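Participant: Letter by letter, the chains look like this.
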Amino acid sequence: MSIKVRIPTPLQKLTEGKAEVEVEAKDVRGLIEDLDKNFPGIKDRLCDDKGRIRRFINIYVNEEDVRFLQQDSTPLIDGDEVSIIPAIAGG
Amino acid sequence: MGLREDQIERYSRQIILPNIGGKGQEKLLNGKVLIIGAGGLGSPCALYLASAGVGRIGIVDSDAVEINNLQRQIIHSTANVNKPKAESAKERINAINPDVEVIPYKLRITSKNILDVIKDYDIIVDGSDNFPTRYLVNDACVLSKKPLSHGGIFRYDGQAMTIMPGQSACYRCLFPEPPPPGLAPSCQEAGILGAVAGVIGTIQANEVLKYILNMGNLLAGKLLVFNALDSSFRQVKVPRDPKCPVCGEKPTVTKLIDYEEFCQLRKKE
Ligand SMILES: [Zn+2]
Chain A
1 MSIKVRIPTP
11 LQKLTEGKAE
21 VEVEAKDVRG
31 LIEDLDKNFP
41 GIKDRLCDDK
51 GRIRRFINIY
61 VNEEDVRFLQ
71 QDSTPLIDGD
81 EVSIIPAIAG
91 G
Chain B
1 MGLREDQIER
11 YSRQIILPNI
21 GGKGQEKLLN
31 GKVLIIGAGG
41 LGSPCALYLA
51 SAGVGRIGIV
61 DSDAVEINNL
71 QRQIIHSTAN
81 VNKPKAESAK
91 ERINAINPDV
101 EVIPYKLRIT
111 SKNILDVIKD
121 YDIIVDGSDN
131 FPTRYLVNDA
141 CVLSKKPLSH
151 GGIFRYDGQA
161 MTIMPGQSAC
171 YRCLFPEPPP
181 PGLAPSCQEA
191 GILGAVAGVI
201 GTIQANEVLK
211 YILNMGNLLA
221 GKLLVFNALD
231 SSFRQVKVPR
241 DPKCPVCGEK
251 PTVTKLIDYE
261 EFCQLRKKE
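In order, the protein sequence lines correspond to chains A and B.
No gaps in the numbering here: position 24 of the first sequence is 24 in this note's numbering, and each next residue is one more.
No gaps in the numbering here: position 121 of the second sequence is 121 in this note's numbering, and each next residue is one more.
FYI, nobody ran anything at the bench for these hints, they're computed from the structure.
On a predicted model such as this, the values are computed, not experimentally measured, just so you know.
Please note that a few of the clues may not be correct.
To be verified - Label-pair ranges, simulated between beta-carbon atoms:
1) A/2 <-> B/190: 30 to 36 Å
2) B/68 <-> A/49: 36 to 42 Å
3) A/64 <-> B/112: 36 to 42 Å
4) B/190 <-> A/73: 32 to 38 Å
No residue lacks a Cβ here, since even glycine has one placed at the ideal position from N, Cα and C.
All chains, full assembly: derive it from the sequences and hints.
Facilitator: What follows is the structure in structure tokens.
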């Protein structure tokens, strides 16, 4: 199953500058693991030391924030588009 | 109050728009908008609101214009380097449109002064450049039930959302906690393309105009995400969080707190 993931600018250092990558995963937890396999270190940026998604980074499956779905158990299906959106403060 | 001849002429291209007309123009001339930060976001936002004839614009900024600001903070000019930004912005707005009363606030917005500063305005624009101020402005607007236009930029990315307290998600519903200081570089450290600030600041001006004119759909409950490199705009849904500490079912933030401490910039004393 192929899921498209949009990587925000601050994390693109870890994805060799790529703004969009494809992963194989059945749920959001699997997506984070698969991302980390291809781009080591990205999990640490997305999750805290207990493995929970950090509270200043949101993960959206299509248009929905996984915090309001089933968090990292939110299932993914082929063709889903995932966006990682961090808080940014510049002005 | 009725429009003067010169006002009918000045605003003719928007008065002829469906949904605006003379009535809408009067609403704009009676509108009161507070812009926090006369920087990359506040500059284009203030310019468009001033040109549109928003009657009173408050500008909060404690800094002076620096030459490295001019790449993106388009309300200021080379001649105004070293001048307070609030004064520089006032000068430019008055030069564009004498209908606008500009109230400059040369101060740092804090938990102590914010409620007093925002209380006489219809809507607040957050054009600040740091997390403590963003959470402060959010909480103050939610507690005072003031609509808030949020905008943020980083390198080639921009975000905007409009917060209607009690009706739509607030900034804490979107991001419950700020990143720790080390993980969030500022524009000064990370860089920013001026046009990205222009896009988001202009979206914020557009939100304010729609709010005052009571038309269209606000970015309430929706986050607009802009990327300059692929010229993409996307929207994601932002539901209200029942567990939100400031606008949720059992709020724990019922008065303003110490936001430097909240953002871990300073340890609890
Ligand atoms: Zn909230």
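Participant: Look at each hint and say if it fits the structure.
Facilitator: Quick rundown of the hints versus the structure:
Between residue 2 of chain A and residue 190 of chain B the CB atoms are about 32 Å apart, so this pair conforms to the stated range of 30 to 36 Å. The given range of 36 to 42 Å is respected by residue 68 of chain B and residue 49 of chain A, whose C-beta atoms sit roughly 38 Å from each other. In this structure the hint that residue 64 of chain A and residue 112 of chain B lie 36 to 42 Å apart at CB holds, the actual value being about 39 Å. Between residue 190 of chain B and residue 73 of chain A the C-beta distance comes to about 33 Å, which sits within the given range of 32 to 38 Å.
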